[in-house]
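Let the sequences and hints guide you as you build the complete structure.
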Amino acid sequence: MTAVLLRRLLRLLVVCFGISLITFLLLHLSGDPVAMILPEATEADRATLRETLGLNRPLLVQYGSFVGRAVQGDFGQSFFHRAPALPLVIERIPTTLLLTFFALALAVCLAIPAGILTAVKRYSFVDHLATLIVLLGQSMPVFWTGIMLILLFAVAWNLLPASGWDTWASTVLPALTLGTFQAPLFLRISRSAMLEVLGLDYVRTARAKGLKEQVVIIKHALKNAAIPIVTVIGLQFGVLLGGAVVTETVFAIPGTGRLIVRAIGQLDFPVVQAGVMTLALIIVLINFIVDVLYLYLNPQVRIS
Amino acid sequence: MVFFPIIPKKHFEKVGAQAFAESAPVGTGPYKFIEWKRDQYLKLERFEGHWRGQAPFKNLIIRVIPETSTQVAELKTGGVDIIRNLAPDLIPDLKAHPNTYVSTAPILRTHYVELDMREPPFNKKEARQAANYAIDRQAIVEKLMGGLGKVVPTIINPLAFGYDPKVEGYSYDPKKAKELLKQAGFPNGTDITIHAGVSEAFFRQIAEAIAEMLSEVGLRTNLKVWDPGPAWNKFFQTEGKATHGFYGTWGYYSTFDADAILHPLYHTEPGGWVGKWYTRIPGLDDLIDTGRSTLDKDKRLAAYTKVQSLLKDEAPSIFLFSQHDMLGVNKRVDYAARGDEWIWLYDAKLRK
Chain Z
1 MTAVLLRRLL
11 RLLVVCFGIS
21 LITFLLLHLS
31 GDPVAMILPE
41 ATEADRATLR
51 ETLGLNRPLL
61 VQYGSFVGRA
71 VQGDFGQSFF
81 HRAPALPLVI
91 ERIPTTLLLT
101 FFALALAVCL
111 AIPAGILTAV
121 KRYSFVDHLA
131 TLIVLLGQSM
141 PVFWTGIMLI
151 LLFAVAWNLL
161 PASGWDTWAS
171 TVLPALTLGT
181 FQAPLFLRIS
191 RSAMLEVLGL
201 DYVRTARAKG
211 LKEQVVIIKH
221 ALKNAAIPIV
231 TVIGLQFGVL
241 LGGAVVTETV
251 FAIPGTGRLI
261 VRAIGQLDFP
271 VVQAGVMTLA
281 LIIVLINFIV
291 DVLYLYLNPQ
301 VRIS
Chain C
1 MVFFPIIPKK
11 HFEKVGAQAF
21 AESAPVGTGP
31 YKFIEWKRDQ
41 YLKLERFEGH
51 WRGQAPFKNL
61 IIRVIPETST
71 QVAELKTGGV
81 DIIRNLAPDL
91 IPDLKAHPNT
101 YVSTAPILRT
111 HYVELDMREP
121 PFNKKEARQA
131 ANYAIDRQAI
141 VEKLMGGLGK
151 VVPTIINPLA
161 FGYDPKVEGY
171 SYDPKKAKEL
181 LKQAGFPNGT
191 DITIHAGVSE
201 AFFRQIAEAI
211 AEMLSEVGLR
221 TNLKVWDPGP
231 AWNKFFQTEG
241 KATHGFYGTW
251 GYYSTFDADA
261 ILHPLYHTEP
271 GGWVGKWYTR
281 IPGLDDLIDT
291 GRSTLDKDKR
301 LAAYTKVQSL
311 LKDEAPSIFL
321 FSQHDMLGVN
331 KRVDYAARGD
341 EWIWLYDAKL
351 RK
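Protein sequences, first through last, are from chains Z and C. Position 85, counted from 1, in the first sequence is what this note's numbering calls 85; the numbers after and before it change by one each time, with no gaps. Position 145, counted from 1, in the second sequence is what this note's numbering calls 145; the numbers after and before it change by one each time, with no gaps.
Among the hints, a few may not be true.
FRET-style restraints, in silico, Cβ to Cβ [as the list claims (entries may be wrong)]:
| # | chain 1 | residue 1 | chain 2 | residue 2 | range |
| --- | --- | --- | --- | --- | --- |
| 1 | C | 96 | Z | 105 | 49 to 55 Å |
| 2 | Z | 21 | C | 173 | 40 to 46 Å |
| 3 | C | 347 | Z | 288 | 56 to 62 Å |
| 4 | C | 280 | Z | 158 | 57 to 63 Å |
| 5 | Z | 65 | C | 23 | 28 to 34 Å |
| 6 | C | 37 | Z | 105 | 22 to 28 Å |
| 7 | C | 61 | Z | 158 | 15 to 21 Å |
| 8 | Z | 51 | C | 22 | 22 to 28 Å |
| 9 | C | 173 | Z | 166 | 54 to 60 Å |
| 10 | Z | 281 | C | 48 | 56 to 62 Å |
Over the 12 Å line for every Cβ pair with chain C, so calculated as not near, a few chain Z residues [unchecked claim]:
| # | residue |
| --- | --- |
| 11 | 13 |
| 12 | 101 |
| 13 | 196 |
None of these hints come from the bench; they were simulated from the model. Beta carbons are placed, not taken as given, at the ideal position from N, Cα and C, and that holds for glycine.
Here is the structure:
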């Protein structure tokens, strides 16, 4: 078991290294930040700035010094904000984590019971209704849902603030927006995972033993159905960390996604690198936790 | 034209430049600094001892809200009182809403398509003139800008010093455009690529309309639309070689003077803005230099008059139109848009 964990940990390190290399190369392919910072300048001025920023060195040297400093937590100064890049990212992590957590919690609380219910009562009215809701939920683009929720809850009914991230009330609509988009996926996954498990022999055995239906479903079936569900939740967590840009934009939330997307537009290399690496690290850690959860959920994984 | 804010020397030296900018700025305005949160808000509070008398509001918050529909929702619900840079298609809605109104003012920002004079087809004067005759400017102003714009004869905005009302702009004349294109050596038209730097949503619609109109006279346009960041980079890094021209707007740095647009757009000196790559008109550099090197009004005017007839003839750009500053305002507040695009909230009033 320890060997399995160690092997996974090593693999994660390799992944992080790969991400740093790809991010670095893509950024340097994307354009010249000096041309962006000094649009009206002579070539001599630009050369000076290039030297100050260390951008005149060979790529390999730049990458080496980037990795060397990055492992110590130093990603350099933001070209645009004139502040160290990593703190800019770190100060936004709580916001992003909170939004992600709320959205996922909401989606999980709604979707998984619904998924189980529709699996148990297959082809019933409830099942058909859920299918319809899933279809709706996944067809609505996030920005549209967000704006509709604002129009209803803020403009028409005046119940919640339309944007911002300073009060608890202001977190409701963004979480609802993201959650609405995530829930259908979880519902589908939990429904199909449950359906698969419910048809298996051991469930029949459990029923034959005379166990209560609730016990059969929650204790026996759900635990085995949980693996794909946990996988997808873990994956979606990663997706939301950097990918909630649209929600962050609609609701004016100062999250990491928006920071990074804007930094890409500004060719602010240090911020993009700090942001991508921080998110990558978090995602990699979550994957690791999911892996550990597998070990608990499925004894087979422990052996292989 | 020149803007020098006054700051206290001792305080600046004590806190240093970084802190002065981020957490401890002190100026001479009617509000004092409370708090700044990057990408969220700037909080200010009325300075009771201001020399002009108290400002109209005790607390002033400037918020960052990237999404336009959200800005509109906040405005309607009273979450904010003024929003900037409205899209023209939002104006009817905000005019009709019981809580909001719209205030607009003509500004210096001028739209253009800079043409690459170094390469075919726009190294030929006739081709550049053809492009100018191809555009129905009035239709764009009416249909895509809600009428909030004014066709400019050349690049000089009528609000700017140096504007010559005697120069007549290009009319909309597709027939003449086709003829000129033939004279330039393109009887069957030609394929071109135009890049558009789009910082406002409605700029994209304008760029698309222009591409369509150019295509109709035979300048078959492949339009590429960019956000301002990467677009900038594209133009500068490739020295504009990837493109036959680009659509953009220029705000004159809010300076009401012809030089504020002539130099960046057309002067070819190294270290200048885009003229050094796109524009090749013999004698134009000298005229621009004359205009900017004397304070004698008449001499400057004379230089700019010459510049405008030269521009009209040489057509280094497709000259388009100016636009308005468009503010959405909550009816709790009295405030009017200004021609320089500044927002001076000392002049705002609470209605009651």
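Going down the list of hints, with the structure as the test:
1. 96/C <-> 105/Z: 49 to 55 Å: 40 Å, violated
2. 21/Z <-> 173/C: 40 to 46 Å: 57 Å, violated
3. 347/C <-> 288/Z: 56 to 62 Å: The hint (56 to 62 Å, Cβ to Cβ) holds, given that residue 347/C and residue 288/Z are roughly 58 Å apart.
4. 280/C <-> 158/Z: 57 to 63 Å: 60 Å, holds
5. 65/Z <-> 23/C: 28 to 34 Å: Holds, since residue 65/Z and residue 23/C (Cβ atoms, about 31 Å apart) stay within the stated range.
6. 37/C <-> 105/Z: 22 to 28 Å: 26 Å, holds
7. 61/C <-> 158/Z: 15 to 21 Å: 20 Å, holds
8. 51/Z <-> 22/C: 22 to 28 Å: 27 Å, holds
9. 173/C <-> 166/Z: 54 to 60 Å: 56 Å, holds
10. 281/Z <-> 48/C: 56 to 62 Å: 49 Å, violated
11. 13: Answer for residue 13/Z: holds, closest chain C Cβ roughly 32 Å.
12. 101: 20 Å, holds
13. 196: At roughly 41 Å from the nearest Cβ of chain C, residue 196/Z sits farther out than 12 Å, so the non-interface label holds.
Hint violations for this structure: numbers 1, 2, 10, all remaining hints satisfied.
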